[in-house]
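**Q** Letter by letter, the chains look like this.
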Amino acid sequence: METWVLLALATLALWGLWGFFSKIAVKHIKPRHALIYEVIGEAIIGIIVYIAFMPSLPSQLSKSVPGVFAGAIMILGMLVFFVALRKGKASVIVPLTALYPVVAIVLGFLILNESVSIIQGIGIVIALTAAYLLGEEE
Amino acid sequence: MKKNSWLKYSIAAFFFWGFWAFFSKINADINGAIAGMILETIGIAIIGIFVLFFMKFRLKYNHTGAAFAALSGIASVVGVLTFLYALNIGNSLLIVPLTALYPGVTVILSKFFLKEKIHRKQMIGIVLALAASVLLGI
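Those protein sequence lines, which keep their order, are chains A and B. The first sequence begins at 1 in my numbering and counts up one residue at a time. The second sequence begins at 139 in my numbering and counts up one residue at a time.
Derived by calculation from the structure, the hints in this document are not laboratory data. Only a predicted model underlies this, so the values are computations on that prediction, with no experimental measurement involved. Ideal placement from N, C-alpha and C gives every residue a C-beta, glycine not left out. Heads up, some of the hints might be wrong.
[Claimed, not checked] Among the chain B residues that face chain A by a calculated CB cut under 7 Å, a handful are: (1) Tyr147; (2) Asn169; (3) Ala173; (4) Thr179; (5) Phe206; (6) Thr220; (7) Leu231; (8) Gln260.
[Unchecked claim] With a straight-line cut-off of 27 Å between C-alpha atoms, the simulated DSS-like cross-links for lysine-lysine are: (9) A:Lys87 <-> B:Lys146; (10) A:Lys30 <-> B:Lys146; (11) B:Lys253 <-> A:Lys63; (12) A:Lys27 <-> B:Lys253; (13) A:Lys23 <-> A:Lys87; (14) B:Lys194 <-> A:Lys27; (15) B:Lys198 <-> A:Lys23; (16) A:Lys27 <-> B:Lys259; (17) A:Lys27 <-> A:Lys89.
Can you build the whole structure from these sequences, using the hints too?
**A** Next up, the structure:
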């Protein structure tokens, strides 16, 4: 198996744990408050990784903006997701938002000129269908 | 219109996460996984501080809730690290949909540890997710 596949599967497992732990957390505190404790957990790991590896961070703003922006919109996405859940049905909102790869795929294809084989293309369609169905609760 | 405000927030989450995945690829290409992860954590922390500010720093505490939320943060950001490693060496068109299958892991963990029921559509989702993982990894 190629390294990127193993890394992607590790990511999938870790985010699965994220979903599971979040589920338990929001049974005990409101999502807004859970989000803050989640950020604290993320910041602690960020600090530990920084101290352990001392990576050189880019000095040019143009190089650091995509990363900082990505982190900011990821957590903003979580925030509006929680607001949506408070106002509507999870059985519609969870599968709908699970289709977010569509945006990244379109952008990756058009802007980064990435491409896939036909079999992989079929895999993408099946993956999106699966992501949609996994969020269904009715 | 007001009735459908959940839709507005769901669409916002859909785009925030889609753009997050896209910018993560750019971030991984420019900065590599470790520095990239630190930058994303900075973005996350900035939004976290803003949210805390809007909550007037009134953060409720509950042992279990806070502990699991912090754990979810740890899992999520370690997942961001492996995600960026994968994006750094692989194709985002395959990695983003593959990693978006993480709700399958959450559903399975919830079944075993929280005794939640797996709905029929979710079961189909899990089977499709496995098929998609094989096709995307080819």
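**Q** All hints, please: hold or fail.
**A** Status of each hint after checking the structure:
no.: 1; hint: Tyr147; in the structure: 4 Å, holds
no.: 2; hint: Asn169; in the structure: 6 Å, holds
no.: 3; hint: Ala173; in the structure: 4 Å, holds
no.: 4; hint: Thr179; in the structure: 3 Å, holds
no.: 5; hint: Phe206; in the structure: 4 Å, holds
no.: 6; hint: Thr220; in the structure: 5 Å, holds
no.: 7; hint: Leu231; in the structure: 5 Å, holds
no.: 8; hint: Gln260; in the structure: 6 Å, holds
no.: 9; hint: A:Lys87 <-> B:Lys146; in the structure: 10 Å, holds
no.: 10; hint: A:Lys30 <-> B:Lys146; in the structure: 21 Å, holds
no.: 11; hint: B:Lys253 <-> A:Lys63; in the structure: 46 Å, violated
no.: 12; hint: A:Lys27 <-> B:Lys253; in the structure: 15 Å, holds
no.: 13; hint: A:Lys23 <-> A:Lys87; in the structure: 18 Å, holds
no.: 14; hint: B:Lys194 <-> A:Lys27; in the structure: 23 Å, holds
no.: 15; hint: B:Lys198 <-> A:Lys23; in the structure: 17 Å, holds
no.: 16; hint: A:Lys27 <-> B:Lys259; in the structure: 24 Å, holds
no.: 17; hint: A:Lys27 <-> A:Lys89; in the structure: 17 Å, holds
Checked against the numbered hints given earlier, the structure breaks only hint 11 and satisfies all the rest.
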